[in-house]
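Asks: Here is what each chain is made of, one letter per residue.
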Amino acid sequence: MTDVFIDQRFVGSVENPKVFAKKVREERQKGKISGTVNLAYKPELNEIHVETSKGRVRRPLIIVENGKSKFTAEHIKKIEKNEMTWKDLIKEGIIEYIDAAEEEGAYVALSETDISPEHTHMEISPTTILGLTTSLVPFANYGQSSRLNRGSKAQKQALGFYTANYLQRMDTDVNLLHYPQNPIVRSFTYEMSAQHRHPAGQNIIIALMSYEGYNMQDAIVLNQGSIQRSLARSTYFRPYNAEELRYSGGLVDEIGIPNKEVKGYRAEHDYRLLEDDGLIHPEATVGEDDVIIGKTSPPRFLGELDEFSIAANKRRESSITTKNNEVGKVDAVVITDNEEGNKLIQVRVRHLRIPEIGDKFASRHGQKGVVGIIVPEADMPFTASGIVPDLIFSPHSIPSRMTISHLIEIVAGKAGALSGRTIDGSAFASESEKDLRKSLVEMGFRENGTETMYSGVTGERLKVKIYVGNMYYLRLKHMVANKLHARASGRIQLLTRQPIEGRAKGGGLRLGEMEKDCLVAHGASLLLKERFDSDKTTIHVCEECGMLAVYDDFRNNRFCHRCGSNVIINVVEISYAFKLLLDELKALGIAPRLKLRNKY
Amino acid sequence: MEEQLFKDYEGKLTKKIIEEVKAEVKEQGLTKDQTKKVLEYLKEEYDTAKISPGEAIGILTAESFGEPGTQMTLNVFHFAGVAEVSVTQGLPRLIEILDARKEISTPSMEIYLKKGVSKDMAEVKRVAALIKETKLNEIATEFSIDLTKLQVEVQLNQHRLKDLKLKPDQVAEALNANMKGVKASVNGEKIIIKTKAEENELMETYKIKEKSKEVFIKGVKGITQVLPVKNNEEYVIITAGSNLKDVIEIEEVDETRTTTNSLFEVLKVFGVEAARQNIIREAQRVIEDQGLDVDIRHIMFIADAMTTSGTIKGITRSGITGEKKSVLARASFETPLKHLINASIIGEEDDLNSVIENVMLNQPVPLGTGLPELVTRGKKETAKEGKK
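Heads up: the sequence lines are chains E and D, in that order.
Sequential numbering from 0 applies to the first sequence in numbering that gives the first Met the number 0.
Sequential numbering from 0 applies to the second sequence in numbering that gives the first Met the number 0.
Rather than coming from a laboratory, the hints here were simulated on the basis of the structure.
Everything numeric in this text was worked out from a predicted model, so none of it was measured.
Among the hints, erroneous ones may be present.
Calculated lysine-lysine pairs in the DSSO-like style (CA-CA distance at most 30 Å, straight line) [as the list claims (entries may be wrong)]:
#1 D:Lys324 x E:Lys585
#2 D:Lys101 x D:Lys212
#3 E:Lys585 x D:Lys337
#4 D:Lys324 x E:Lys578
#5 D:Lys323 x E:Lys515
#6 E:Lys594 x D:Lys378
#7 E:Lys585 x D:Lys323
#8 D:Lys324 x E:Lys594
#9 E:Lys515 x D:Lys49
#10 D:Lys323 x E:Lys594
This is chain D alone, in the form it adopts within the complex (with noise of 0.2 Å):
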């Protein structure tokens, strides 16, 4: 009986909002008619919560991300003597999310580590000088010719090699591996690095040594700064550069709390839906790091626009906006001479359904007021009267 009651609610509400209400009902032992009671309310709360047919979401989601825009502020301020990592904000930072850059101005992850260690900073400050990305440079102290031998030789900072544990052979080996046309050896505390072809030249010789300088070493790619932060009771790394992929493949990194602000990362490892959730989530950031307020639905619905093609597409000519079906839109938009020229290449056409166009043409446009027809059976001889 009651299941019928519920199957009569399918549609009007949705699935998630019935099995909690089945739930809910079983718990509460609740009669039939309280449940009918229950269900109706609800039917009602959800049908005001839905927005109007021909409103212009669109329009409102973009001027409500426009309005505090013009509030935010460029400069961003920081505290003296308190160690941060600097990462992009404010205005800049939005741009960045909604036209999905794929290069962002500064990377940066928040990685947290498994409960057995994120208490103990000990433990942390290891992890986070294992996931640091080391170059050659970092751990040497001089970098010189032989000439007569035509190798280079680099003297090691024996103080960094001891923090970071590494020995000279493993420098070495890491050398061999990320350098291509060298091979590198340990004499002493120096380490030699001579190239593999025949026929040497001083020219070449200095290229390596400059090249050597950048070699990765150790750690984890792209990540360039580590800061541990207290984070209620745990420990939690705040990184500059970022490489998700990498990162939760360490061991003590607890994977399903680290996180990235780099979109195209996260699209990468963990797929789209968490993107949708990260371009949310770092949209959400910008807003209230300015102490401004916008209604999530309207960063949900930018990032569903953004994300349902099944990757992460801008809000851009070469985006969303470059996918928009009227010409006369796209035009408005963005180099409009290109569209234009293309659009009559292949000949397309423009059926108008949407507002810009008919802004341009001075029609009522499709929304509000202007959304609804009035549709009524005329005489046939009515429509024949067009043509005179």
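So that you can see chain E by itself, here it is in the shape it has in the complex (with noise of 0.2 Å):
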């Protein structure tokens, strides 16, 4: 007896579960039972689960019997005649959605070929198998897995045309690829999913070798030539907010030119840029820093202070200004009133992004690199024929990584680009490899897709045949002008006195446990200290007790609370987070002692 549940509800059992099941799925297939209803059957648990519960996923598969696929060539014609829908196709049981249970117990061949008797389902195509993003990689079925991943990921990091009404939207971190243009080599899914109005990337020539060692390690040297004729440029967009809030009291935020008695004001010189109404005009070229919207706020706490100082009566001056390190035009200005009618100022700030050394870029095949060099058009190396690559690669990447789709879509890229029309490169069912090669003879190149080239530089020929070709390349959102920091000195928490961390704050890098440790090996006592002195303070002990003592810099006296003025007090110069564990200690309960000895 077989235990038979619906929704995870014991509802029965039955004599022959593999009967059951069968009648189940025949009458789903009939058309009797819902088509929503999925049925699985568990021989180790011997039980039956029927799910008819939302939020399953579910995915539409061939139904197969007796080792014969249901769908016929018949119903291809059909189809393509517009006589039959996919809605009939479920209708007369010829594809059935199956959920992850189901699919558990279900046997699925991937072409029609594979089919043998035990198979129960097939897949409507073998890119199925594949995500939506990874069935975007050209020639995936020559990749490897892991790469697949990788270039699925890269595709979402791409530049592209997110939106055509971009200039009306305010989103943040937005960058948008100048000239975006849709691959030569395509997967029918590329434009199924409507990816040709979206495009993300650009058709360039790339050549696999190396280049002074300028891109070793993943790196790439790029043709600044391209770069001039805009390759892969892009813009990033940053939108500022400003509210006029409304606080208790009547009081609200003004927005506008504050006035030289505001609390905080700047120099009149960071207002510069503002208009009468406080705000700036767009096309304003703005550096890091720069007031965008004046503003000036309510003083803090209204009233209680009011006797003890004239100054605290003051407004507060609350300006937006631009992000550190970041500078740009100002794109748009926009005026409106948000849900709770409060008076809202967006301002939209636009950066100009050229390629530059350190920008990344990737192939769709989990290639990425960044780009090691800007190489001169004229010391680029060309072919015969004229033909200077946009962008070299080094074949170091190309053996442990084995990603052949990679090359092949160089062959395929290259026989599009010279006939002039796209290639299909769907997994499992792409134009062969053969028929590319052969269509570059056709064309007068030679069939591996190998050139003689002629170094830039000395305008000798290179010894090898270089592999040159065409491949859709796309710029990630990963750039250089985001992340480039550095600091000398800046500010410094509060409680540890040591630097603030972070890029937008100006803070510090940390050097960490694993690098100290690095210092301590090779026996850098001394740097090790230095490079740790950001918090040196110096403290006052009193000898007798080992507690920290005063030192009254106005009277130029020290003195210990304990032990009055009478004592030996010293001076030391500790790291201020040893002197915060002591105090930390202290609200312990615990008495931390500093017995001080002349260490030399």
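Need the complex rebuilt from these two chains, each delivered in its own frame; the hints are there to steer you.
Replies: Structure below.
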């Protein structure tokens, strides 16, 4: 007896589970039971689970019976003539949706030729074993699976044309690629998923060779000429907001150029970009920390402080400035109201991003790299026909990663570009490599894609043939302009007196635990001390009780709170973090006493 | 004369080196001058091999283990169809060794047999069967309870008995010896287990039934799996489970070569020197299996640190790290509050002699360039100047 559960609730048991399961499935295929019902038979638990609940992920498969696919050439014809639709296929029990639990017990063939009498289903297309983004990788069946994952991840980070109404939008962190192109080599899912309306890359000429070591370790060499011809240019948008908030007591923020009495008033120079309404004008060039929106807020603690100070009654300056490290041009200024009816100002700043050293690029095969050098066009190698590559890719990136799809795309791209057509690179159903090679030969090129090249520097012919071709390249959103960071001195944390963290705040770069170990291992003891001097302080220690003493700078005398001024008080230099530790120990009720001793 | 020459080098070279040179000199018939040259050269080499004062060997060792540790894979390849005893490998095993865990996750032995038997497959198989621990449920087909007599009846598997050369009365004997409060007897092919207690209940009988399944019948306790493996000409028995003490008492076993990966068993049976050697061997095996390379001196250093106390202590807060002299150093490792509070209760002092404390206080660490100190004799007044 096998227990039967419907939506995880026990409803009864059946004598013959296999017959039962078969019957339920048959009824479902006939349409007598809803097609959303799935049945999973688990022989190891001796249970049958019928699922009718929502939220299950299901996918369509072609039903196979007695070693034969139910989907025949006849159906294809009917579909082509528009006599049959997807719904009809389901109604007629040719295709059914399977959930994850039912799939466990299904035996799915990849293609018609694989079908054996044991098979229960067949994939509609072998591509369906891949996800949406992964299916966009051309020649995916030639690649290593982990590289496909990385390839699809790279596509999600590629700059492109994400929407057509970007001028009307105030999205944060937006990048737009100039002149995006559709790939020459694409899979059939490309158009199917409307990717061709949102292209996110460009077809470029790529050569596989080394270039003076500037492309080792996954770096790439870019042609300066190509960049000047706007290869991979993009624009970065960032919106800034300001709201006229209402506070209790009828007080409001005021947008406008702050007057000089305002608390925290900046220099007059800082407001130079603002117009009379306190807003910056479109197309103004803004630098780091420039005021974009002038704003003042009412005083913080109204009333209470009045008696003590006159200054406290002043309005506060609360202007919006551009972020640290961010420059650009004002793209748009929008004056509007928000849901609460408050006046809302939105300013969009745009910055042109021309590829530079350190920017990240990737192909669709998980081959990513950063720009190592930008070479003047004259110094780039060229082919006999005068073609100069846009990008030089290191051949060392290929063997260990086994991204054969990358290599095939180059041949395919070359053939496609030369013959002026798109190449189908769908996984398992692509144009054959043989045909691509043949078409290259027909157009007068070497069938393996290599060409004789000449050094751009000396003009000499290179001793080996270079693999050149056309390929779709993606510019990824990680750009040095957003990441470059260094600091000599700057803000510190209040509690620990150590430098603050993070690029946006101009923080320090941490020399961590393991980096410390490195210095210790080298015996660079004094360098280590110097590197950790960021929070050094001098403390006064009472030699009597070993606790912190007080130094009165005004009267220039030292005393200990416990032992008075008639004791020896010495000065030691330690890290503030340790002083903090001593204080925290005292808070715990532990008395840490320092016993000073001349070290030498 | 020559004796004097060697005596001069005592303390400059190790005893072992001097002894070796002595023997070699005699054999080669070297003159005194030549011997002196040899010794002088050896001393130079010996001195360069020494580590200079202030070298941070502890951190170097830690880094030398830590860096390859990041490359270790947790998943080890297995070969389909090949009989293997699964042994923890890689980083988990290394952690196990360095922590000196008492209960390791996969204890295993390599049992070598004496020369006479080690090449004979049939003999090896016989010894392996002898070693393997057999429990009652492995040789029984059925356990049932006779409700009327309130006794457990065990149906024995005759094939298994034959394989193990066991007789039913031997099984009953083992049951009597290893199970308390019951009496087992043979009844044909069945074994009857009865409680000795006067009063008997069904629940009791059921408990006896369940307990009896796990009763040890034959073999060496703790060894759950045996696998004879050919290793250059002779067979070695690899086991899952380890019991060094009992295994080396078996006649056919070559106790000079038999090993276990359980550090504490080696410590118990052969002592701390052997345990040290075992730590080195096991740690090195993990590193070599992963295709990595760590200088053996680092491993030896760790093994030394773990065993100097005369027993094995792991690098944990309850082991050698917890025995550090400095309070601040211990507090910076694990459970800081515990160390700080205990230190305050007994009024511990920290001399700030080690690395981590000095990093905390931002003082030069006493290593490398921070180690040498310049001592000058100052004037007597300067010493007083400190008092103001």
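Asks: All the hints need checking, so say for each whether the structure fits it.
Replies: Results for each hint:
Straight-line distance between C-alpha atoms of lysine 324 (chain D) and lysine 585 (chain E) comes to about 22 Å, which keeps the hinted pair within the 30 Å bound. Distance hint between lysine 101 (chain D) and lysine 212 (chain D) is fulfilled; the C-alpha atoms sit about 27 Å from each other, no more than 30 Å. Proximity of lysine 585 (chain E) to lysine 337 (chain D) is assessed by CA-CA distance (about 15 Å); at most 30 Å being required, the pair is judged to hold. Proposed proximity of lysine 324 (chain D) and lysine 578 (chain E) is supported: the alpha carbons are some 22 Å apart, at most 30 Å.
For the hint linking lysine 323 (chain D) to lysine 515 (chain E), the alpha-carbon distance of about 20 Å falls within 30 Å, and the restraint holds. Distance restraint check for lysine 594 (chain E) and lysine 378 (chain D): the Cα-Cα separation of roughly 24 Å lies within the 30 Å cut-off, and the hinted pair is therefore satisfied. Restraint check for lysine 585 (chain E) and lysine 323 (chain D): satisfied, since their Cα atoms lie roughly 23 Å apart, inside the 30 Å limit. A C-alpha spacing of about 17 Å is found between lysine 324 (chain D) and lysine 594 (chain E), which places the hinted pair at or below 30 Å, so the restraint holds.
Taken as a hint, the lysine 515 (chain E) and lysine 49 (chain D) pair is honoured in the structure, with Cα atoms around 25 Å apart against an allowance of 30 Å. Taking the CA atoms of lysine 323 (chain D) and lysine 594 (chain E), the gap is about 20 Å. The hint holds against a cut of 30 Å.
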